[in-house]
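Residue strings, one per chain:
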Amino acid sequence: MALLTSSDLQAIGLTLQVAALTTVILLLVGTPLAWWLARTRSWLKKPMGALVAMPIVLPPSVLGFYLLVFMGPNGTVGQWTQSLGLGLLPFTFAGLVVASSFYSLPFMVQPIQNAFANMGTRPLEVAASLRASPLDAFFSVVVPLCKPGFVTGAIMCFAHTVGEFGVVLMVGGNIPGVTRVVSVQIYDHVEAMEYSDAHRLAAVMLGFSFVVLLALHVYNDAQRKGAGA
Amino acid sequence: MKLRIKNLTSGTVALVFSAVCLADQAQVAVAANFAEPIKAVAAVLEKTTGHTLKVTLGSTGKLYAQIKNGAPFDVLLAANTATPAALESDGLTTPGSRFSYATGKLLLWSADANKVDARGDVLKSGNFRKVAYANPKTAPYGAAAVQVMDKLGLTSTLTPKLVQGESIGQTFNFVHTGNAELGFVAMSQVLEGGKLKGGSMWLIPQALYSPIQQDAVLLQHGANNPAAQALMKLLQSPNIKDLIRSYGYDI
Chain U
48 MALLTSSDLQ AIGLTLQVAA LTTVILLLVG TPLAWWLART RSWLKKPMGA LVAMPIVLPP
108 SVLGFYLLVF MGPNGTVGQW TQSLGLGLLP FTFAGLVVAS SFYSLPFMVQ PIQNAFANMG
168 TRPLEVAASL RASPLDAFFS VVVPLCKPGF VTGAIMCFAH TVGEFGVVLM VGGNIPGVTR
228 VVSVQIYDHV EAMEYSDAHR LAAVMLGFSF VVLLALHVYN DAQRKGAGA
Chain Y
26 MKLRIKNLTS GTVALVFSAV CLADQAQVAV AANFAEPIKA VAAVLEKTTG HTLKVTLGST
86 GKLYAQIKNG APFDVLLAAN TATPAALESD GLTTPGSRFS YATGKLLLWS ADANKVDARG
146 DVLKSGNFRK VAYANPKTAP YGAAAVQVMD KLGLTSTLTP KLVQGESIGQ TFNFVHTGNA
206 ELGFVAMSQV LEGGKLKGGS MWLIPQALYS PIQQDAVLLQ HGANNPAAQA LMKLLQSPNI
266 KDLIRSYGYD I
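Heads up: the sequence lines are chains U and Y, in that order. Position one of the first sequence corresponds to residue 48 (our numbering), numbered consecutively onward. Position one of the second sequence corresponds to residue 26 (our numbering), numbered consecutively onward.
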């Protein structure tokens, strides 16, 4: 008994790929950004903080529209990617990852930034007095201390990317195996009135979201208890 | 004197109320290809009768699903004949209200003035990155595009280059922004005052796809709505037919 069609499975695989890649990219990009936001005294801190948080409040259609305009052949980003020989980003897997990275940025940056801020400067001062290099101090002191922030950021970023819909609908072009992620596949099923297919895939998403959020709560609770003991 | 002013005010109030009652509003579901003409039609309707329209655009298939699930539309202007007929057999329309208001034409269009030649050979040349079409499951213009590619024997070579808009409106946007160099769009989307707005186009020969006959139907919800009834009547008047023709439709 095949519960999901092969195109459903393809959409699930694609979604997991986009989400995983976005999470890795945002861990690499978001960590220095979160560090800067947590430590800087520059006047730029507040505008940058607001900019990072914007995808939370912006309608995905706004993000999708701008991405389509800027990544298109007449847009600045589009001309730049073309001059690098990368072609244009809309309707491509890479384009989807770029769009998702903007879309999920705050979900990665904010938990990590909070963890950095809560840690304070003391552990770094101690590490420096023990002659640890900044890089060494970061990996052997900051990362372990701020692990809950990284874990929360990564999980939220992954889950939020899986749940992305509006932006993909606008810049994806609905190409099977390239940009047709689960949320779009469900939309397509509903549009074509294939309700039983929509039901099955929607149930998968429902289960997934619940399990992820439950796991996150259990993890955070365990961390808090561990810290309290 | 005081009394007279009072009388006057209540008279004015009554007048305003009767005007409100006379001018009704209809909620109209419109296939995306008809986005431009419906604005002009709505303007004429408001000018001649005072009735106003609230327009919801989308692919015909999407609008059908919405109506079947109880969306409060009074009129459907579809991009095919099958959907209004299906609604009729579902008992969701006012019997006998269905008629054809336009026959649409499919174009291959590019925002680039030098991209599309008059015979559409660019499709065979493969000299482009992406070609957009509307989702054939829900958009009749998308289904027509599939027929064209099939008739030209280009389905397999074009497949890797296809991108799909969820309606003909989004498809046009993909081409308009240049993200897709080519696209199968509706003639009404690229015409302004009977002339090509910009870019380059190939008017696809009718032999390559079945005519896109578009039917209007008065829905159950709008059976007693004067604005909806007025719109149905207006769409059949000679003046409006000329207006619709100016957007590249046949009637």
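Hints listed in this document are in silico derivations from the structure and should not be mistaken for laboratory results. A hint or two may mislead.
Simulated pairs of lysine to any residue, SDA-like, Cα-Cα distance not exceeding 20 angstroms [unchecked claim]: (1) Y:K186 with U:A141; (2) Y:K162 with U:A141; (3) Y:K186 with U:V225; (4) Y:K162 with U:M240.
To see whether the hints hold, each was checked on the structure:
Restraint check for K186 (chain Y) and A141 (chain U): satisfied, since their Cα atoms lie roughly 16 angstroms apart, inside the 20 angstroms limit. Between the alpha carbons of K162 (chain Y) and A141 (chain U) the distance comes to roughly 27 angstroms, so the proposed pair goes past 20 angstroms and is violated. Between the alpha carbons of K186 (chain Y) and V225 (chain U) the distance comes to roughly 12 angstroms, so the proposed pair stays at or under 20 angstroms and holds. Between the alpha carbons of K162 (chain Y) and M240 (chain U) the distance comes to roughly 10 angstroms, so the proposed pair stays at or under 20 angstroms and holds.
Checked against the numbered hints above, the structure violates only hint 2.
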